[in-house]
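A.B. asks: Heads up: the protein sequence lines correspond to chains C and V, in order.
Sequential numbering of the first sequence, starting at 1, is according to this note's numbering.
Sequential numbering of the second sequence, starting at 1, is according to this note's numbering.
Watch out, some of these pointers could steer you wrong.
[What the hints assert, rightly or not] Cβ-Cβ distance ranges computed for the label pairs, FRET-style:
(1) V:Ala130 <-> C:Lys488: 44 to 54 Å
(2) V:Phe196 <-> C:Lys488: 55 to 65 Å
(3) C:Pro310 <-> V:Ala40: 34 to 44 Å
[As the list claims (entries may be wrong)] Derived coverage of chain C by chain V (criterion: at least 3 residues anywhere in the stretch with Cβ under 8 Å from a Cβ of chain V; other residues may be distant):
(4) 123-130
(5) 382-396
[Stated by the list, open to error] The following residues of chain V were derived to be distant from chain C, with all beta-carbon distances above 12 Å:
(6) Phe15
(7) Trp144
(8) Gly146
(9) Thr157
(10) Ala204
These aren't lab readings, by the way, just hints derived from the structure by calculation.
Virtual Cβ for every residue (Gly too), placed ideally from N, Cα, C.
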Amino acid sequence: MSAGVRARNESAWLLPNDGTRTNHRLRRDMRRFGDDDQVDLVIVGCGAGGSVLAQRLARAGWRVVALDAGPFWDPDTDWVSDEAGSHHLYWTDPRVIAGADPVPLGSNNSGRGVGGSMVHYAGYTPRFHPSDFSTLRDDGVGADWPFGYQELRPYYAAIEQELPVAGEHWPWGDPHGYPHRPHPVGGNGELFLSGAEKLGIEARVGPVAIANGRFGNRPHCIYRGFCLQGCKVNAKASPLITHIPDALAHGAEVRADAMVTRVGIDERTGRATGVHYVRDGASRFQRAAMVAIAGYSIETPRLLLNSASPRYPDGLCNEFDQVGRYIMVQGAPQTAGRFDAEVRMYKAPPPEVSTEEFYETDPAKDYKRGFAVQTVSPLPITWAEHVAAQGHWGRALRDYMSDYVHWACLGSLCEFLPLAGNRVTLADETDCYGLPVARFAYSQCDNDKALLTAAQHVMEDILTAAGADEVITIKRYAHLVGGARMAKDARHGVVDGRCRTFAVPNLYITDGSVLPTQGSANPALTIMAVAARAADQLISGARGGDG
Amino acid sequence: MTQGPPAAPGPRGRFPGFAVMRQAPHWDEVTALTIRSRIAPPAPRFFTAAEQATARALAGQLLDQPHDDLGVPVMEMIDARLADGQTDGWRQEDMPEDGQAWRDTLAHLDSDAKERFSAAFADCDGREQAAIVQAVQDLGSRDWHGLPAGHVWSLWTRYACTALYAHPAAWDEMGFPGPAYPRGYKNAGVDAREPFEVRDARPALDPVRERR
């Protein structure tokens, strides 16, 4: 299997094998383009979507520049094995949150730098289910994708090999296996498995994008539990190590610390001409035959709106008021249970065991769609947030916190529905570049609320069955998708099934913002698979976006 | 209250002999530097002298530090974040940006204290301070001096908890070994421990059972 992967993506073999984590020579010798070189493609954002696109197209011989607003990370010197010290991994430029149920951003869902949010994601990479692609047709809620699961299936399998993913055979959705065996289970996972078994709920180990055994020059996981703080081991997959090295080796340029401020437009033809960006305090412009935006669900709509021009007065691609709409987060209530035994949930990958038994619509319930349950293993600061959410402070807070080693913690991902009013617009406030910041409004619908309650009950039941004598829950959110969704036409979305914008023929969007629905799955794998599919279609078409 | 050597295991005393900093030689250099710099943060740059006193007293209440002092410089750690503009990456629409929100709410605490106890918040005794803080929490999402009390509560507890639980003295109290690179863990699983971890001496000290 490894040989097959290496032939199409050599990233893991381009990393050093001497105990350090970064191939500095590859970065130093990287091909560099001038601003006046009209490259074939400029990509905005080096996260899950942008990095896969860069790697695929560079391999196909395209001249590619990928810009990122943040740094080109070196895990050895830039990352620490510590919660508070990892603050710089998150996008913390000013943003305003609003609505009936405002969604915190930053550490919760927003990454910064090459690798994007996958640098600090938990590494969980389930596929979407086939039912996720037609929820409107089949369940009367949400939206239908322009293509079905079968279209994405080969890309799921390809990316699972490239990350690579470890887990047991997966019985849900489209049943499938994983390239690596499941990792050993920590105390938190043991209790989940035991509680689920007593209730007759099927639970499985995996899928985590952490190599089990060496993979290329990437070493084995050491189970230190700091997956959300950036993997200093190079064991957990992020595009920084899974796609960027191969992209560089095939002539792509990654230009870090470059904040894109607007897309350049030829007012006569309406086509994109490149991107305006700021680097080292200087305003610059990279010419390109084609532009792909991959800034994720908040920054992608913001960039489109900030790219308004006389030809596109309401923002780019916004003729039908679709930009920034239908953003989704997953309801992610987190329920913890107390055991006299020591759980010490900070060891092993935080999400490790899960069940997708409650994923699809159950006709016996009064809500549509469903939720997944996974282990989550908060470290002390996030655990304090869980305890404080119960209203504890002062002595009670410290008492609960001193009890940390006795708690197991589960989290749900509830499929919140895409709603037009859940959207990004521009605020009056501006950032350090003088650009209006994003205002993100979110409100739950009744179906969302019903899912939260149902998911909490299942988690309480599992923990109680495992022997917990107290359960406590915090209501929170996880992930982001939508905001520039795929649709069949410009009245219902921003891009078509190939990720090409309806409005500008040589402008693409290849990140999580194109997803029309989200299922109850962590989105990283699907974002990568959608980008890989878009890349294939670009490669088989003509450059310049007219293929 | 804020400086000085870390206290001996507090009255909870659950992990006798456990001291995270003793493991520091096993950490990678970058992480060790980060943790060490946290133990002695710089002098305040953001809060005024009066605000420092109020913020120190508030953090003391929220984190039970006067009663059971871990020697963690919480106020200084909050000040450093605000001075550097290190926010969480969002603000509620009905709140000012974090720095201004801290200044405003510290002033409101003082005005509540003067109204109820005719003294600055920092000069009230612990019981009086606790009553003022409890009153803010009890408002839930209702208005407190023109701000939604729940969002104020979230701001205070987020910054205070992030500071305390970033500190090795707090990890000692909870049996958490802190940084784990490059060593990692070899003994995961229920009731499994590494050689450097200490068993909870009072495993039945369940905060809930305590209150029953």
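A.B. asks: Compute the least Cβ-Cβ separation between tryptophan 144 of chain V and chain C, then decide whether it is above 12 Å.
C.D. replies: holds (16 Å)
A.B. asks: So is the region 382-396 of chain C in contact with chain V by the C-beta rule, three or more residues under 8 Å, or is the coverage claim wrong?
C.D. replies: holds (count 9)
A.B. asks: Does the Cβ-Cβ separation between proline 310 of chain C and alanine 40 of chain V fall within 34 to 44 Å?
C.D. replies: violated (57 Å)
A.B. asks: Against chain C, does threonine 157 of chain V hold up as non-interface, every C-beta pair farther apart than 12 Å?
C.D. replies: violated (5 Å)
A.B. asks: Just want to verify: alanine 204 of chain V was marked as not at the interface with chain C; is every Cβ pair farther apart than 12 Å?
C.D. replies: violated (6 Å)
A.B. asks: Does the claim that phenylalanine 15 of chain V lies off the interface hold, with its Cβ farther than 12 Å from every Cβ of chain C?
C.D. replies: violated (9 Å)
A.B. asks: Counting residues of the region 123-130 of chain C that have a beta-carbon nearer than 8 Å to any beta-carbon of chain V, does the count reach 3?
C.D. replies: violated (count 0)
A.B. asks: When you look at the beta carbon of glycine 146 of chain V, is every beta carbon of chain C farther off than 12 Å?
C.D. replies: holds (17 Å)
A.B. asks: For the pair alanine 130 of chain V and lysine 488 of chain C, does the Cβ-Cβ distance stay inside 44 to 54 Å?
C.D. replies: Distance hint for alanine 130 of chain V, lysine 488 of chain C is violated at roughly 60 Å.
A.B. asks: Given a hint of 55 to 65 Å, does the C-beta separation of phenylalanine 196 of chain V and lysine 488 of chain C actually sit inside it?
C.D. replies: holds (59 Å)
Hint check: violations occur at hints 1, 3, 4, 6, 9 and 10; the rest are consistent with the structure.
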